[in-house]
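These protein sequence lines are chains A and B, in that order.
This note's numbering puts the first residue of the first sequence at 1, with every later residue one more than the last.
This note's numbering puts the first residue of the second sequence at 1, with every later residue one more than the last.
Chain copies aren't distinguished; within one or between two, either way the pair holds.
Here are the computed lysine to aspartate or glutamate pairs in the DMTMM-like style, where the Cα-Cα straight-line distance is at most 25 Å: (1) 139 x 253; (2) 191 x 89; (3) 191 x 273; (4) 109 x 161.
Quick caveat, the hints were computed from the structure, so don't treat them as lab data.
Protein chains: 2
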Amino acid sequence: MIDPQRILVVGSVALDSIRTPYGEVTEALGGSASYFSFSASHFAPVSVVAVVGDDFPHRELFLDRGVDLTGLETAAGRTFRWRGEYAGDLGHAHTLETQLNVFAEFHPKLEAEHRRAPYVFLANIDPELQLEVLSQMRKPTLTLSDTMNYWIARKPDRVFEVLRRVDIALLNEEEAKALAGETHLARAADKLLERGANAVVIKKGEHGALYHSREERFITPAYPVTALTDPTGAGDSFAGGFIGMLARFGRTDGAALRQAMACGTAMASLAIESFSPQRLIGTNPGEIETRVRSLHGMVHYDLFPMF
Amino acid sequence: MIDPQRILVVGSVALDSIRTPYGEVTEALGGSASYFSFSASHFAPVSVVAVVGDDFPHRELFLDRGVDLTGLETAAGRTFRWRGEYAGDLGHAHTLETQLNVFAEFHPKLEAEHRRAPYVFLANIDPELQLEVLSQMRKPTLTLSDTMNYWIARKPDRVFEVLRRVDIALLNEEEAKALAGETHLARAADKLLERGANAVVIKKGEHGALYHSREERFITPAYPVTALTDPTGAGDSFAGGFIGMLARFGRTDGAALRQAMACGTAMASLAIESFSPQRLIGTNPGEIETRVRSLHGMVHYDLFPMF
Numbered sequence: 001m002i003d004p005q006r007i008l009v010v011g012s013v014a015l016d017s018i019r020t021p022y023g024e025v026t027e028a029l030g031g032s033a034s035y036f037s038f039s040a041s042h043f044a045p046v047s048v049v050a051v052v053g054d055d056f057p058h059r060e061l062f063l064d065r066g067v068d069l070t071g072l073e074t075a076a077g078r079t080f081r082w083r084g085e086y087a088g089d090l091g092h093a094h095t096l097e098t099q100l101n102v103f104a105e106f107h108p109k110l111e112a113e114h115r116r117a118p119y120v121f122l123a124n125i126d127p128e129l130q131l132e133v134l135s136q137m138r139k140p141t142l143t144l145s146d147t148m149n150y151w152i153a154r155k156p157d158r159v160f161e162v163l164r165r166v167d168i169a170l171l172n173e174e175e176a177k178a179l180a181g182e183t184h185l186a187r188a189a190d191k192l193l194e195r196g197a198n199a200v201v202i203k204k205g206e207h208g209a210l211y212h213s214r215e216e217r218f219i220t221p222a223y224p225v226t227a228l229t230d231p232t233g234a235g236d237s238f239a240g241g242f243i244g245m246l247a248r249f250g251r252t253d254g255a256a257l258r259q260a261m262a263c264g265t266a267m268a269s270l271a272i273e274s275f276s277p278q279r280l281i282g283t284n285p286g287e288i289e290t291r292v293r294s295l296h297g298m299v300h301y302d303l304f305p306m307f
Numbered sequence: 001m002i003d004p005q006r007i008l009v010v011g012s013v014a015l016d017s018i019r020t021p022y023g024e025v026t027e028a029l030g031g032s033a034s035y036f037s038f039s040a041s042h043f044a045p046v047s048v049v050a051v052v053g054d055d056f057p058h059r060e061l062f063l064d065r066g067v068d069l070t071g072l073e074t075a076a077g078r079t080f081r082w083r084g085e086y087a088g089d090l091g092h093a094h095t096l097e098t099q100l101n102v103f104a105e106f107h108p109k110l111e112a113e114h115r116r117a118p119y120v121f122l123a124n125i126d127p128e129l130q131l132e133v134l135s136q137m138r139k140p141t142l143t144l145s146d147t148m149n150y151w152i153a154r155k156p157d158r159v160f161e162v163l164r165r166v167d168i169a170l171l172n173e174e175e176a177k178a179l180a181g182e183t184h185l186a187r188a189a190d191k192l193l194e195r196g197a198n199a200v201v202i203k204k205g206e207h208g209a210l211y212h213s214r215e216e217r218f219i220t221p222a223y224p225v226t227a228l229t230d231p232t233g234a235g236d237s238f239a240g241g242f243i244g245m246l247a248r249f250g251r252t253d254g255a256a257l258r259q260a261m262a263c264g265t266a267m268a269s270l271a272i273e274s275f276s277p278q279r280l281i282g283t284n285p286g287e288i289e290t291r292v293r294s295l296h297g298m299v300h301y302d303l304f305p306m307f
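Using the sequences and the hints, build the whole thing.
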C-alpha cells in the first residue's frame with residue numbers, strides 16, 4: 001500500500017559550485033529534487049525520481065532523512081554539474097557553466113509504486129518530460145509543477161499544457177510575466193488563469209509569494225532573513241514546504257493552502273541561510289513551527305469596523 | 001479646543017503634468033499635501049500647511065472634503081509645478097521639469113491652533129523644514145515623516161535627525177536602503193532602528209509595506225490593483241490612510257498599527273487608479289472598508305499546530 005502522504009518529486013540531483021558575496025562551495029549537493037526532498041521530508045515521506053552519475057557521493061544524506069531513493073537511477077557517467085555566482089543583492093544567478101552529463105538523457109520511467117503517489121512535484125525539467133510523468137500517474141490527489149525561463153522561451157505551448165494539467169503551477173514573478181506576456185503581476189496572474197491554469201503560486205523572492213485561483217487569493221510575505229547566504233534552491237524548498245504541509249494533513253482547502261504558503265516560505269528562508277541544503281537537512285519541527293508562527297504573527301490581525 | 005483627531009500635514013500643493021502609458025494630464029492637482037489630505041480626510045479632520053501661488057485654482061476641492069485650509073498660504077507668484085512621466089511597469093517617475101516657484105521660499109509658520117494638532121505628517125520637504133515644524137509642535141500624540149532620495153543624498157544627517165525625532169518614519173525601499181547603506185531590506189530596516197529611528201514603515205510599491213520597530217514587525221501586501229493608471233501620490237495616500245486610521249480611533253497599539261497599514265495600502269491602491277487625487281476625492285467609507293476587508297482576507301488564516 002502506498003503511503004497516503006507520499007510525495008513524488010521528479011527533477012534534478014546535481015553537484016553545484018557556487019560563489020556568493022558570503023562564500024563559495026565546490027561540487028556541493030544541489031539540484032531541484034534535492035532541495036525539494038530535504039524540505040518536504042520534514043512534513044511527509046518523499047520519493048525521488050531523478051538520475052545521477054556513478055560519481056555521485058551524497059546518497060547517504062537522503063537516506064538519513066528517510067527519503068526513498070528507489071527511483072534515483074545511477075547511470076554510467078558523470079552527475080549533472082552547475083556552476084554559478086550571485087552578486088549584489090543576490091537577485092539573480094549568473095550561470096558560468098552547465099554540464100548536463102547523465103541528465104541529458106533523463107527520461108523518467110516510474111515504477112508502479114511511484115505512479116500511485118498521491119502528491120507529485122514536477123520540478124523545472126523539460127515540460128515534455130513533465131507531461132510524460134503526468135500521463136504515468138494514477139489519480140494523484142495534488143500535482144504541482146515548476147518551470148523556468150528557458151522552457152518558457154523555447155516551449156511556451158508545452159509549458160501552458162503543463163499548467164492546464166496540474167492542480168497548481170509554481171512560477172517566479174519574471175516567469176509569470178514572461179509566460180503571460182504582461183508587465184504587471186496581478187494582470188499576469190489573471191491571464192494565466194484565463195489561459196487555463198487551475199491555480200498559480202507566484203514567488204517574488206524577498207517580496208513573498210501569492211496564490212491565485214478562481215476561488216482564492218492569498219498573499220504571504222517572505223520571512224525577513226538577515227543571514228542570507230545563497231539563494232539557490234529557494235523555489236524548490238518553497239515547493240517542498242508547500243506540498244509537504246498539504247500532504248501531511250491530507251487537505252487542499254483554503255485554510256490549509258494558506259498555511260502551506262507559510263510553510264513554503266519558512267522552508268525557503270531556511271534554505272537560503274546556507275550553501276547547499278545544509279540548513280534544510282539540519283532543521284527540525286520546532287524550528288520550522290517557530291518560523292511559521294513568526295510569519296503568521298507578522299501578517300495576522302483582527303479586523304475591526306472603521307466607519 | 002483642538003479636535004482630538006485633528007491631523008496636520010506640512011508639504012507641497014502643486015500642479016502636476018503627467019504622462020503614463022494610460023493617459024496624461026496637464027496642470028492637474030498634485031503635491032504631497034494634496035494626496036495626503038484627500039486620503040486622510042475620509043478618516044479624520046485634516047489641516048494643511050503649505051503654500052500656493054495666486055494662480056492656484058483648486059481650493060474648492062479641499063473645502064468640499066472639509067479640509068482646513070487656514071494654513072494654506074497664498075503667495076504672490078506661481079504655484080509649484082512638476083512635470084514627469086512613467087514608462088514600462090510604472091516603477092519610476094522620470095522628472096521632466098520642476099518649477100519650485102513660490103515653494104522655493106516656503107517656511108512653514110504654524111498658527112497656535114495648528115501647533116496643538118495631535119497627529120502630524122511631515123511630507124517630503126527639506127528635513128530642515130521638517131525639524132522646524134517639529135520644534136513648533138506642542139506635544140503631538142503621533143508624528144510621521146516622509147523623505148526622498150534628494151534629501152538622503154544631500155542632507156543625510158538631517159534626515160537621520162528627523163527619523164530620531166518622529167515616532168514613525170515612512171520611506172520607500174530604495175530610500176531605506178540608501179539611507180542605511182545596505183542592499184538587503186531586512187538589514188536596512190534593522191540599521192535604521194540602530195541609528196535611532198523609533199519605527200519605520202518601508203513602502204515597497206506593488207510588493208506591499210512593512211512596519212518595523214523594536215517591539216513590532218508587521219508586513220502587509222499591496223492591494224492587487226489591475227486598473228493602475230498613475231502611481232504619483234501613492235506614498236502620501238498611504239500616509240493619509242495610515243495616520244488617518246490611528247487618529248480616528250486614537251490608538252497607536254499594535255493591533256491598530258496593523259489595521260492602519262491596511263488602510264494606508266487601501267488608500268494607495270485607490271490613488272493609483274486615476275490621475276491626480278480623483279479617486280481619493282470620489283471614494284467613500286464603504287469602498288474603503290471593502291478594500292481593507294479584501295486585503296485582510298488575502299493574508300488572514302488561523303494557524304493550526306503542525307508537528
